[in-house]
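Number of protein chains: 4
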Amino acid sequence: MPARRTTHSDSRLPATLDAAARLFRARGYEGVSMRDIAREVGMASGSLYCHFETKDDLLTAVYLKGVEQISAAVRAALEGGSDPWRRLEAACVAHLESILRDDDYAQVVVRVRPGDAASVGSRLVELRNSYEGLFAQLVEALPVPPRTDRSLLRLMLIGAMNTAPTWYREGGRATPRDIARRFVGLLRNSLDADA
Amino acid sequence: MPARRTTHSDSRLPATLDAAARLFRARGYEGVSMRDIAREVGMASGSLYCHFETKDDLLTAVYLKGVEQISAAVRAALEGGSDPWRRLEAACVAHLESILRDDDYAQVVVRVRPGDAASVGSRLVELRNSYEGLFAQLVEALPVPPRTDRSLLRLMLIGAMNTAPTWYREGGRATPRDIARRFVGLLRNSLDADA
Amino acid sequence: MPARRTTHSDSRLPATLDAAARLFRARGYEGVSMRDIAREVGMASGSLYCHFETKDDLLTAVYLKGVEQISAAVRAALEGGSDPWRRLEAACVAHLESILRDDDYAQVVVRVRPGDAASVGSRLVELRNSYEGLFAQLVEALPVPPRTDRSLLRLMLIGAMNTAPTWYREGGRATPRDIARRFVGLLRNSLDADA
Amino acid sequence: MPARRTTHSDSRLPATLDAAARLFRARGYEGVSMRDIAREVGMASGSLYCHFETKDDLLTAVYLKGVEQISAAVRAALEGGSDPWRRLEAACVAHLESILRDDDYAQVVVRVRPGDAASVGSRLVELRNSYEGLFAQLVEALPVPPRTDRSLLRLMLIGAMNTAPTWYREGGRATPRDIARRFVGLLRNSLDADA
DNA sequence: GATGAATGAGTTTTCATTCAT
DNA sequence: GATGAATGAAAACTCATTCAT
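Residue numbers (this note's numbering), protein chains in the order written: chain A, 1 to 195; chain B, 1001 to 1195; chain C, 2001 to 2195; chain D, 3001 to 3195.
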């Protein structure tokens, strides 16, 4: 019996998305060719176009899934908690764990610049914003001194986290969880104190 | 007598570097072709190879100049000051002003991933590290509570700053200087409070 | 009860032929893909192969219908008339009206080069000749001076008519009927006079 | 000594144009790939882009040369003659000889539809019109009965000639010259008779 | 130092066609 | 009769790089 090919219904679309996510995560959008992806799933490169009209569209699909998954992870982490700083911390832990370990899709969202795929750039920005809105809310809820620039606080935190894949090495002293906590901690005292 | 040719010093190498820096800053390494750069300087694309053996080398030259310039800017900003937090703040102001406004070269250092140019990747990392070492020293000098993770503090600050080009819009409310100060302020209060 | 399916006779073959004719007329053989045609009928592109073994065969079917329809139109126009010049004129009017207005299929015959579909090229030539034979007969019947080159006369007339789609604009001063009459008129005096 | 390669100055641009003209003439625009042309001149297919930015541009260059050459041929044929019908005849002879025998470039003008190369379609139409304007003048000069539709006369003649490549076979009874003369003769007698 | 032509391997994408379901 | 996924070959075009002049 040769490798099962149920042909219909078990299309290789999910495998394709996975491969694309893995490769985009590792090498960026321009660093990966449609052939690379096809090879990874064992298909002819033209076959990718059964599922996606263009490479940009494929990226969009990966990006979308990334945003969905990381949003879900963050929301799950938020459940139950009510202390604003704890909530922010939980969100950051989920975020960092997603992009540093678990989730190729999430990392693509963080790594690929929307501008790399001109034709869908604004769509990607939308998607990213829809996710980052979550953090805006979390930051909004923080008991900080009046006149604190909450935007900058959010941007600082997200910027710091999103560059972590650049220097983070699995197995190092600090886990993603540790890192997230310390990032939040570094800001928290400041604002508690001020208050 | 045709337009004077200084024979030696009017080589178009500087113009080439400038053009490369400008384009890499705007579109990234893979987003710019040798032809793009040549066109920008009004040369044949083959002529670039009089000055650089490969595209990777050209990037390296730009990167090097970026590191030199931003280092110089930061060092200049440091002159005279002796309060550790003030010094850090001054460095951050210089850094952010470089990458948000003045300096295409510096922005290339921040935007282009060393991995994009495989053959010189480690050289670029070295260069970048040589610059970031400056910040390591500044952070080292900070009077913070014992057990503070100074590495993470540095990475947080640099990560936050280096993603600023993503969201910074010239003419907005906050200037690069403001942003830098607030970033540092956020951390300082925190750690002072902690102490 | 879902939309009634006549099971047998509502096959989409006629719609497919229509769509193919329309598209081939507008964009030529190579300018139209099987997918284009399928999309136009709302089918999957693979489904076209239920009806036609190859794209060339589909063209052949369109071509055949084109020849049948234009032949029928011309024959109908001929009915009753007996004056040779009148008959030729009637044929030309029918021909031009078919290819300029009514009949996508007929236009395909005129527009598509048999050579475009190598595998059926000679079949298409046959079909076209079978139609043009009609004109040969009409020209044969003309009372023209001996030594008139009737072939050339026919080729001139047909060539002139078949290029009309290139410059004809609907709604212009001259109708297809006008044009046909003038074409014939332009030749007729000549030969009458000669006789 | 290997096949001489003066490298500079004897670029293969002319050979490329010739090959393109030959192939476009034989198989039409869409029937010829850039590879086909490159192979014919013994180059890599990418190298064609040293000389032409796109396939459409290559066609435009061929088309332009075709129009220039056939214009020149017709103008040369016109020299000296002053009788309007003789002049038209001479032009037709030159035109037909060009497209039936001598001139691949000229045949491309006659064979390729401007619409096949969307991006330059209107340029091609312009070029073609600039040539056909010559015939408009020639027809304008004809002493024909008032109310003769000179446009239609021109279109008939040109249409008839331009379809000749479809049926003309070299070595047949009638030469291009014969054919041209008879075409003109057919119209001339007619209109003379009319007068 | 500079050029214009050329290369060869690569890019994304298209397309007629196949076939198990 | 119809489908959706897949194929393999080919399309136009790009690009870093080379090299004789």
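Note that these hints are calculated values from the structure, not bench results. Virtual Cβ for every residue (Gly too), placed ideally from N, Cα, C. Mixed in with the good hints, there may be bad ones.
[Claimed, not checked] Reference listing, derived: stretches of chain B covered by chain A, where coverage requires no fewer than 3 residues with Cβ under 8 Å from a Cβ of chain A:
# : segment
1 : 1045 to 1051
2 : 1140 to 1154
3 : 1157 to 1165
4 : 1174 to 1184
Status of each hint after checking the structure:
1. 1045 to 1051: Our answer is that it is violated, as 0 residues pass the Cβ test (under 8 Å) against chain A, missing three.
2. 1140 to 1154: This one holds; 3 residues, not fewer than the three required, reach chain A with a Cβ under 8 Å.
3. 1157 to 1165: holds (count 8)
4. 1174 to 1184: Our answer is that it holds, as 4 residues pass the Cβ test (under 8 Å) against chain A, meeting three.
Comparing the model with each numbered hint stated earlier shows that hint 1 is the single one that does not hold.
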